[in-house]
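J.: One-letter residues, chain by chain:
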Amino acid sequence: MVVTTTKPNSDERLRSTFASRYATTSLPRFKIPSGSMPKEAAYQTVNDELMLDGNPRLNLASFVTTWMEPECDKLIMASINKNYVDMDEYPVTTELQNRCVNMIAHLFHAPVGDDETAIGVGTVGSSEAIMLAGLAFKRKWQAKRKEQGKPYDKPNIVTGANVQVCWEKFARYFEVELKEVKLSEGYYVMDPAKAVEMVDENTICVAAILGSTLAGEFEDVRLLNKLLTKKNEETGWDTPIHVDAASGGFIEPFLYPELEWDFRLPLVKSINVSGHKYGLVYAGVGWVVWRSTEDLSDELVFHINYLGSDQPTFTLNFSKGSYQIIAQYYQFIRLGFEGYRNIMENCMENARLLKEGINKTGRFNILSKDIGVPLVAFSLKDSRRYTVFQISESLRRFGWIVPAYTMTPDAEHIALLRVVIREDFSHSLAERLVSDIQKVIKELDELPPHATVEAANVALDDLHRSKADGLLLKKSVNETQKEICRYGRRISDKKTSGVC
Amino acid sequence: MVLSKTTSQTDVSVHSTFASRYVQCSLPRFKIPENSIPKEAAFQIINDELMLDGNPRLNLASFVTTWMEPECDKLIMASINKNYVDMDEYPVTTELQNRCVNMIAHMFNAPLGDGEAAVGVGTVGSSEAIMLAGLAFKRKWQNKMKQLGKPHDKPNIVTGANVQVCWEKFARYFEVELKEVKLSDGYYVMDPEKAVEMVDENTICVAAILGSTLNGEFEDVKKLNDLLMKKNEETGWDTPIHVDAASGGFIAPFLYPELEWDFRLPLVKSINVSGHKYGLVYAGIGWVIWRSKEDLPDELIFHINYLGADQPTFTLNFSKGSSQVIAQYYQLIRLGYEGYRNIMENCQENAMVLKEGLEKTGRFNIVSKDNGVPLVAFSLKDNSRHNEFEVSDMLRRFGWIVPAYTMPPDAQHVTVLRVVIREDFSRTLAERLVADIQKVLQELDLLPARVTEKLAATTATTAVEEHPPAVIKKTAIEVQREITAAWRKMVADKKKTNGVC
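Those protein sequences? They're chains A and B, same order as listed.
Under full-length UniProt numbering, the letters of the first sequence match residues 1 to 500, in that order.
Under full-length UniProt numbering, the letters of the second sequence match residues 1 to 501, in that order.
Hint data in this document are derived by calculation from the structure and do not stem from the laboratory.
Hints should not be assumed to be uniformly reliable.
Computed, partial: chain B to chain A, Cβ under 10 Å [claimed, not checked]:
hint, residue
1, Phe30
2, Glu40
3, Pro56
4, Phe63
5, Asp73
6, Tyr90
7, Ile104
8, Gln147
9, Gly149
10, Asp153
11, Asn156
12, Arg172
13, Ala283
14, Gly284
15, Ser322
The beta-carbon is built from N, C-alpha and C at its ideal position, and this holds for glycine as well.
Looking at chain A on its own, in the form it has when it is part of the complex:
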């Protein structure tokens, strides 16, 4: 007789994904597990946890691109295993970087001949780009001071208080003093006159921003150039300008080509731009371009000999992925001037639509200008009953991520919400956002501030116990509201809050 027995513990691999033991064990957090697990299980567990991340396309806080065409995704996957720095092995990829640098330099009107190669490099983002540019200025200034026999141990840089955190990083890590021009209510960018006033003989450069992260405004680089040229004539210090065009560098040339902010102004020596913002590439690529070889001290440049010719490089990172550079080149040739212009015009149109919708509610002040980065920054006309932070939180329930933050000194009493319009934020999404904002306002209007109710209850208990009069109740409520606002402000107070 043959007696068949069924195996009680079938092979682990046969179990369906959520029936396996991997779905019941806690994922390792502190130590590498001793045993392996099947790749399907690994994939599923990581994928499932990541479902709880925000949806990148609904992340209206970020300027960084969240959608590219499927054809480009194909190119990206094909080059995911190419290490960019192996220039010998991947000469075409290196060539594509060089072409991008040339194209961007021409876009910014660098004084290079039609077939002449520009001076610039691809970076991982504007942070690295700004550190490289700052390092170049610092070294140039040190060399000049050494020649003059003057002290060179206290370099400083003049910027507006609206600068992105990477300037603060540059200053702290490379031991340069950051001299910030304070903002004021209604004026949320660097005032050129005040900036030039702050320039002294230790200033390595003045940094202007094209596309302030706070409200998207373009700074008046032309005026800065004019005033600084005058001061240079008087003092003989020869202070240069750097333009942080992280956002604006891929907007101005297509929407406002007559606006002079780039190398057309003689004092502008270097410009950085983020390829991953309006360059329309996924996170991980930035560009920095110098006016000419004199503006980049040769001792900073490492010369790699590849394919018999000289490939100069100046970067902080070494090994990194190649796919963003390839994607950037794809965008340049795929879109061309025409394509970029169409996309930017669409963004501005959708920004206008959003702005009008927000205006119609009658509850907000619009802080962003019409000319600038396509974004809408708005603050509450009346924040006594609820603040922008509560609106931001409520919007999350609908799926939208809209950040709320306070301005930097001296305008820190202003709190605002900011929606960035990217390529993939269509007309219909804009309308939906407006209606969701209206819903949120209605909800908050009807609701007495939550904390008020709770505090009232607590105070009421105390009231019954301590026989205090009605006056105490009111005071608690106000105090609690103030505390909430103060707490909210504290959260977003430091520039380190990554508002980018």
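Chain B: place on chain A using the hints.
T.: Quick look at chain B alone, frame taken from chain A:
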């Protein structure tokens, strides 16, 4: 009568890819083109140009991972549009980074309690990691010297001449003097005694390498620690150690767990490792871990308040992709200790196969050690007739990319070829490489004869009457010497910046 006309200009979008006008035009190189082109055309054009790049998997020059499982590729593509720095918006991704930091810190035996969060951060690569570690040392040293009332304007760092170029970058960009311990023939890593001798009161740290890029050797960090402790006792300078474990950090814990090189040694204050080397992730991720909070001055850290909790960050880059962090976590839980150990053992095995194959040819000296990074570095026993660069060049024709380079001072007369064994370099590929190297040697053996004949022929025609036969012979040898000299010069001109990584 209706006369129908066929239009000759059909809509461009109807043309098949290679029939469209886009493949006739020269690709823009200097200026952004005026007009857009269809996405299919853009894809095809770029894809086709990129066909002329080397094949990443045959790139035996690089330690950086060139293959991952398709499941991981899926995760990568799904997160390609996540900007890592948006910690508020992507809390799970941020949590995954923190888990990786904890896991790597424990792997390096950092003195942490159970459940205590480690001090470390994910970076774009070991370059950024080393700059952050160096910056921490510099700032700590400056604070110490300021407290002692001593000058703090001339910091220096002691390393071996075999360091990777990022140390030279760090020194140059952050204004620290680089004091290099020279190598010598047969000794291609930093000598711990010479290193400790070079330490002075301005030394911010001594950097040891676990897995030298030149020949894969692990430096004796324990000996360095012991000698440096003795010197610290005598001088009171308290000089710390940093271990650049870019390659070795994901090898030593799995193959040589008894080797003491990490936080088990008291003077080791920070360690960096490349996730994209033997961490088995695509290019773009590194890790730096500090021993404890005291080793990272708080003034360097930026505190981001997210989800109501404090998220301290210390990086040079801001916006960057999230894919590699997620891929690293995938690898750590997918493989576990067992998986990493198996892969490393395979790599060692295949390295031995390659080494034995090369030794059998009888033409090579093996310069790499058996214990170390799984790679084989070898030089020709006799390179007077043809040298390693020619071998490297000829191997390219077969599709292999095998770099040749000279050692840094004082061993510049030694030239080596180096093959890195990665996870995806199987035994069959190893055997095929040996066969191809043998073919190349055979060709080169014949080659000088051909070159000599050709040149002899040309000189013969001119030298028929005026010069005696003796001149012809001399010319041939001279030409050979010239060729070799030209090769040597070309490489000697290449500074350490040659990206041997």
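J.: A separate judgement is required for each hint: does it hold in the structure or not?
T.: Verification of the hints:
1. Phe30: Status holds, d = 5 Å.
2. Glu40: holds (6 Å)
3. Pro56: holds (5 Å)
4. Phe63: holds (9 Å)
5. Asp73: holds (7 Å)
6. Tyr90: holds (4 Å)
7. Ile104: holds (8 Å)
8. Gln147: violated (18 Å)
9. Gly149: violated (17 Å)
10. Asp153: Constraint on Asp153/B satisfied, holds at 7 Å.
11. Asn156: violated (16 Å)
12. Arg172: holds (7 Å)
13. Ala283: Interface hint status for Ala283/B: holds (4 Å vs cutoff 10 Å).
14. Gly284: holds (4 Å)
15. Ser322: holds (8 Å)
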